[in-house]
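Peer 1: Line by line, the protein sequences give chains L and P. Quick note: the first sequence uses this note's numbering, first residue 1, plus one each step. Quick note: the second sequence uses this note's numbering, first residue 466, plus one each step.
Hints listed in this document are in silico derivations from the structure and should not be mistaken for laboratory results. Treat the hints with care, since some could be wrong.
[What the hints assert, rightly or not] Under the rule of at most 16 Å between Cα atoms (straight-line distance), these lysine to aspartate or glutamate pairs were calculated in the EDC-like manner:
1. P/K538 / P/D572
2. L/K420 / P/D490
3. L/K420 / P/E511
4. L/K100 / L/E127
5. L/K416 / P/E511
6. L/K463 / P/E506
7. L/K463 / P/E508
8. P/K667 / P/E633
9. L/K123 / L/D102
10. L/K228 / L/E282
11. P/K667 / P/E639
12. L/K416 / P/D512
13. P/K575 / P/E541
14. L/K420 / P/D512
15. L/K463 / P/E498
16. L/K97 / L/E73
17. L/K463 / P/E695
18. P/K531 / P/D570
19. L/K396 / L/E352
20. L/K347 / L/E282
21. L/K416 / P/D490
22. L/K190 / L/E122
23. P/K667 / P/E693
24. L/K463 / P/E501
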Amino acid sequence: MKTQPIDRYAKDLDPEVYASIHQTSNRRVLQREGSLFGDYPHANRLRHWAGELKRHTISHIDKYLEQAVTAMESRGVEVHFASEAESARRQILEILKSHKVDRICKSKSMVTEEIDLRRYLEKHGIETWESDLGEFVVQLDDDHPSHIVTPIIHKNRFQIARTFRDHGLGDYTEDPENLTQQARKFLREKYLSSIGTMTGANFVSAESGRIVVVTNEGNSRFGLAGAKVHIAVVGIEKLVPRDEDLALYLNLLARSSTGQHLTIYTEFIVGPRPENQPEGPENMHVIFIDNGRSETLASDCRDALNCIRCGACLNVCPVFRQASGHAYRHTYPGPIGAVLAPNLVGKEGFAELADLPKASSLCGACNEVCPVDIPIPDLLLRLRNRGKEEGAPGSKIASPPMGAWATLASSPTAWKMALKGGHLMNVIPHGMIPVPALRTWLEDRTLPDWQGGSFRRWLRNRKQK
Amino acid sequence: MLVTDRIAGRSVQLMATCLCDAFYDDVARATVEVLEHVGCEVEFPEDQTCCGQPAFNGGDWPASRKVVRHTLKVFEGEKPVIVPSGSCAAMAFHGSPLQFEREPDLDQVKALGKRTWELTDFLVNGLGVDSWTGRYHARIALHHSCHGRGTRTGEAMERLLKTIEGVEVVSFSEPEQCCGFGGTFAVTFPHISKSMGQLKIKNMVSADPDVIVSADMSCLMHQAGLAEREGIDFRVRHIAQVLRNAISDS
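Just need the whole structure built from these sequences, with the hints factored in.
Peer 2: What follows is the structure, given as structure tokens:
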């Protein structure tokens with residue numbers, strides 16, 4: 001029988017990869033719980049508030065985007081728009097060329113993964129270095145991040161040690177501190193010799209046009225310190241209305257993603273270096289990227305745009321833990337990815353990813369931990385319905401057909417007959433019952449004895465007494 | 466998912482669930498006895514079948530709506546509808562309204578949701594029962610089924626269990642993790658479902674409980690089925706059975 005791609009991926013997953021993911025994600029779940037509820041006993045109210053505010057922002061995105069752009073331009077930021085990935089890549093390349101930048105260090109940004117920017121720039125002669133340690137390892141391995149916040153959650157330090165040795169970063173060592181030193185030494189040189197730097201943005205305040213970038217390694221700050229040109233690549237959904245709203249989101253983001261009270265570094269970048277400021281980039285460009293977001297906004301999955309990319313839903317998701325992020329075949333894995341990915345790829349791409357929303361037991365843990373309270377299970381369900389309506393093959397694989405069941409369950413006479421008929425299951429060998437779903441069930445599990453109708457009989461006998 | 470302002474009262478309708486109708490007759494019996502013990506008059510609409518959840522989760526909403534419309538007819542009236550399952554209850558007050566968003570009979574669906582209760586939620590929050598009589602000598606690992614998230618079922622179960630003489634509720638690691646049943650998920654993603662279940666079983670068994678208790682037979686059917694195949698000693702009871710057995714031992 002045909003099997004779901006994500007189930008197959010999980011079945012073939014290297015036990016070492018499974019162990020790395022399980023260990024880190026489980027630790028993150030506990031750290032989140034401790035840091036969030038330890039400080040805010042009513043943290044759920046914060047989540048709901050943050051969700052409402054984000055929902056409001058996304059519903060008025062045209063207004064807030066305009067406000068942000070006006071504020072940015074008033075401070076000398078050059079703002080660009082890209083409706084899809086190719087346009088974004090091209091514009092970024094042009095900006096770099098116009099400033100004669102041939103080498104850049106970039107900090108971690110999921111939207112640059114989404115548009116596969118690094119490979120594109122390298123193909124066009126721009127040496128591009130990931131300065132986030134995890135992303136740097138991903139780059140050396142020519143791999144893809146498997147988690148939104150922890151790109152190498154699928155690797156352990158022994159694998160990283162081999163990678164560093166193979167790339168000549170230094171003597172073989174398995175010590176995390178020494179490995180970090182090797183990466184640091186390697187990247188320092190790149191930083192010092194590049195005039196361009198690139199970041200994403202965790203938030204953009206519409207009020208001030210301020211972009212906020214958080215890191216734990218200070219790599220974004222280090223990149224900004226020496227660069228002449230700063231390019232910030234930003235999804236249009238990153239807006240929040242006011243500067244003061246950042247307090248709420250920064251508090252929730254760090255606690256939800258890594259269990260920290262605040263990330264180690266938080267940059268507030270308001271524009272290029274003014275005349276009286278001794279250092280900092282002289283040129284700042286912001287590229288706002290749509291790439292399927294407007295289409296998502298117009299759909300019944302618009303709440304997915306509220307996501308602040310904390311990764312909490314990945315950490316807690318039992319399916320993500322079994323399958324790994326790579327099983328999802330898209331930049332955004334896990335529960336939120338299973339909603340975002342099939343939407344961001346647009347109408348033409350949907351069928352290809354229609355199996356993703358099926359990869360959930362709908363346990364709701366994702367919604368429970370989401371800092372902006374996205375009803376992820378509801379959105380997955382809507383996408384399942386859409387997959388069925390559009391006849392997408394991916395949503396059909398190994399899914400029991402429901403037509404006959406619906407007929408049975410809406411006819412009391414047929415239902416009562418089935419309750420009686422089911423007793424046959426206690427008599428004939430299960431292997432002979434030609435129902436694929438039942439066979440799959442029985443491969444790993446037993447089935448209790450059929451007791452169909454016996455509760456109803458008990459009730460009737462009681463009444464007669 | 467929290468539903469407030471729900472309709473309570475002691476004249477109730479029982480939605481036995483398809484699983485109890487087919488496999489777990491004793492759970493349905495226990496539910497009747499528990500409800501009667503607190504003074505409820507229980508009516509069982511004979512034409513009931515299923516809440517419609519399998520097709521809803523499977524993504525076949527037209528098929529599910531067909532079953533839900535049947536259920537609406539069967540459970541006509543104003544009485545509270547009591548279900549020995551957090552999952553079927555959540556289907557009534559959360560799932561169904563979602564799939565009827567653009568249907569003309571959304572209001573009727575919502576109205577049924579407003580008077581549908583999971584059993585222990587009804588006892589504690591609907592009737593104000595805050596303690597249970599009797600004895601039940603066991604170390605219990607409480608499986609909080611996922612559809613109880615955001616509802617008051619988990620809290621209600623713990624509250625009642627705490628007052629039963631002899632009950633010891635044990636804690637185990639990764640309690641927030643789903644057991645991997647998930648309805649059709651169990652057969653659409655058989656490997657992941659099995660692995661999730663085995664992990665859940667391992668975590669619970671490590672706490673050395675005498676019995677695994679839940680408000681949902683679906684999770685327990687999956688877990689017990691996996692455990693039996695693996696030859697693991699794994700005794701399961703529905704919360705209604707625990708409450709009923711506690712009374713009869715008083």
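Peer 1: Confirm or reject each hint.
Peer 2: Structure-based check of all given hints:
no. : hint            : in the structure
1   : P/K538 / P/D572 : holds, 14 Å
2   : L/K420 / P/D490 : holds, 14 Å
3   : L/K420 / P/E511 : holds, 15 Å
4   : L/K100 / L/E127 : holds, 12 Å
5   : L/K416 / P/E511 : holds, 9 Å
6   : L/K463 / P/E506 : holds, 13 Å
7   : L/K463 / P/E508 : holds, 11 Å
8   : P/K667 / P/E633 : violated, 19 Å
9   : L/K123 / L/D102 : holds, 12 Å
10  : L/K228 / L/E282 : holds, 5 Å
11  : P/K667 / P/E639 : holds, 11 Å
12  : L/K416 / P/D512 : holds, 9 Å
13  : P/K575 / P/E541 : holds, 13 Å
14  : L/K420 / P/D512 : holds, 15 Å
15  : L/K463 / P/E498 : holds, 14 Å
16  : L/K97 / L/E73   : violated, 22 Å
17  : L/K463 / P/E695 : violated, 42 Å
18  : P/K531 / P/D570 : holds, 12 Å
19  : L/K396 / L/E352 : holds, 12 Å
20  : L/K347 / L/E282 : violated, 41 Å
21  : L/K416 / P/D490 : holds, 14 Å
22  : L/K190 / L/E122 : holds, 15 Å
23  : P/K667 / P/E693 : holds, 13 Å
24  : L/K463 / P/E501 : holds, 14 Å
Violation of the numbered hints given earlier is confined to hints 8, 16, 17 and 20; the remaining hints are satisfied by the structure.
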